[in-house]
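Line by line, the protein sequences are chains X and Y. At position 158 of the first sequence (counting the first as 1) the number is 158 in this note's numbering, and the numbers step up by one without a gap. At position 23 of the second sequence (counting the first as 1) the number is 23 in this note's numbering, and the numbers step up by one without a gap.
Be a bit skeptical, because a hint or two may be false.
[Stated by the list, open to error] Label-pair distances were calculated between CB atoms; the ranges are:
| hint | chain 1 | residue 1 | chain 2 | residue 2 | range |
| --- | --- | --- | --- | --- | --- |
| 1 | Y | Ala45 | X | Ala148 | 39 to 47 Å |
| 2 | X | Gln76 | Y | Thr25 | 23 to 31 Å |
| 3 | X | Met199 | Y | Phe65 | 27 to 35 Å |
| 4 | Y | Ser41 | X | Gly237 | 46 to 54 Å |
| 5 | Y | Asp5 | X | Ala208 | 53 to 61 Å |
| 6 | X | Gly11 | Y | Glu21 | 52 to 60 Å |
| 7 | Y | Ser41 | X | Leu72 | 26 to 34 Å |
[What the hints assert, rightly or not] From the structure, some residues in chain X lie toward chain Y, with a derived Cβ separation under 8 Å:
| hint | residue |
| --- | --- |
| 8 | Leu7 |
| 9 | Glu10 |
| 10 | Pro14 |
| 11 | Gly45 |
| 12 | Met133 |
| 13 | Ser159 |
| 14 | Gln164 |
| 15 | Phe181 |
| 16 | Leu189 |
| 17 | Ala234 |
| 18 | Trp236 |
| 19 | Arg240 |
Source of the hints: derived by calculation from the structure; they are not laboratory data. Don't be surprised by glycine CBs; every beta carbon is placed ideally from N, CA and C.
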Amino acid sequence: MNVTTPLYAEGELPRYARHIALREIGGPGQARLKRASVLVVGAGGLGAPVLLYLAAAGVGRITIVDDDQVSLSNLQRQIIHSQDRLGIPKVVSARIALAGVNPFVSVTPVEERLDEGNAARLVAGHDLAIDAMDSLPARHLLNAACVAARVPLLSGAISQWEGQVTLYAPALGAPCLSCLFPVIPPEELLPTCTSAGVMGALPGIIGAMMAAEAIKLIAGAGRTLAGRLLIQDALWGESREIAIHRRDGCPVCGMIVGEAA
Amino acid sequence: MATIDILYFAWLRERIDTPRERIETSAATVAELVAELTARSERHACAFADPASVRVALDHELSDFAASIDGVAEIAFFPPMTGG
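Input sequences plus hints: build the corresponding full structure.
Dropping the structure here:
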């Protein structure tokens, strides 16, 4: 007699009924979401909708990495946090929020800043990494760790009124971050949310796009953003899709032999 | 002379103070176009002060500054963004 642990807890499955009803997700796609392990680096503006939607979607295991605490100026856009959790670590606040949305998700909070010393360890064991950070050098560290571990990297970035989203995946024939942006611009050219401001709903727009892309990628639905960069300008109502390619001799992913994109 | 729509994103848009402009140019390459734009105004010069930090797409496809712009209808300049 075969004894296997059921995939879903008792009473869990009905909450996913509207995903299971979708032809592109269905029961098999929902099961892939439940079995998936996703790393989300950054529990701020972009991390907020990403984490909430992935938990609601029933992604089985979510690791959250952030070393920051919830502050008052976060609440204008970081809707995963709340007034009564000011001052506590963002990963703790996020875990409380996710438990409220879906108690069947296994959440691992990691109160660390991603750096050269921990990047490989943090990426290991995940099916997908999501870059929701606010530092370009740290984004490049995560990119290198994901390339080395062959973990696809879904990346979103915002500035003021604009956002960018793409899927970096050299093993799938798509470029890595270093193929697209080989040069890290000097600090003064890189406005952070702190110095330049950011419109509150913008991370909601870009973060929800990232969550949708993660759900598609895991469930095997539709066409991913591998090889395509979406740029959204919420101020002027412009959006562009730009075809992007791997760069010959990229020092980060050049040794990866990818499938045809 | 060719008529080309130029799109600016992120700090380029902020520095030039417009999301797009239509220009007449006889530039043969992206680099020549950038030199022409840089000479247009202080704002353009400021936006392209560090061209290595800027990427370019020709008709929605990533390209580089050495590329020919012959027959191109739209050129988008965009930098990496960092905020999360």
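Evaluation of the interface hint that places X/Gln164 against chain Y, nearest CB under 8 Å: 5 Å, holds
Interface hint status, X/Trp236 versus chain Y (Cβ within 8 Å): 4 Å, holds
39 to 47 Å as the expected CB spacing between X/Ala148 and Y/Ala45, which holds or is violated: Once the Cβ atoms are compared, 40 Å apart, the range 39 to 47 Å for X/Ala148 and Y/Ala45 holds.
Chain Y contact restraint on X/Gly45 - CB to CB distance below 8 Å: 6 Å, holds
Evaluation of the interface hint that places X/Met133 against chain Y, nearest CB under 8 Å: This interface hint holds because 5 Å falls under the 8 Å limit.
CB-CB spacing for Y/Phe65 and X/Met199 relative to the 27 to 35 Å hint: Because 31 Å falls inside the window, the suggested range holds.
Interface hint compliance - X/Pro14 to chain Y, C-beta minimum distance less than 8 Å: 34 Å, violated
Residue hint X/Ser159, partner chain Y, criterion CB-CB below 8 Å: 4 Å, holds
Hint check for Y/Glu21 and X/Gly11 - Cβ pair distance inside 52 to 60 Å: 58 Å, holds
Supplied contact hint for X/Glu10, tested at 8 Å Cβ to chain Y: Violated, about 37 Å.
Agreement of hint X/Phe181 with chain Y interface, Cβ distance less than 8 Å: Since the shortest Cβ distance to chain Y is 4 Å, the answer is holds.
53 to 61 Å as the expected CB spacing between X/Ala208 and Y/Asp5, which holds or is violated: 29 Å, violated
Hint compliance for this structure: hints 2, 4, 5, 7, 8, 9, 10 and 17 are broken, all remaining hints hold.
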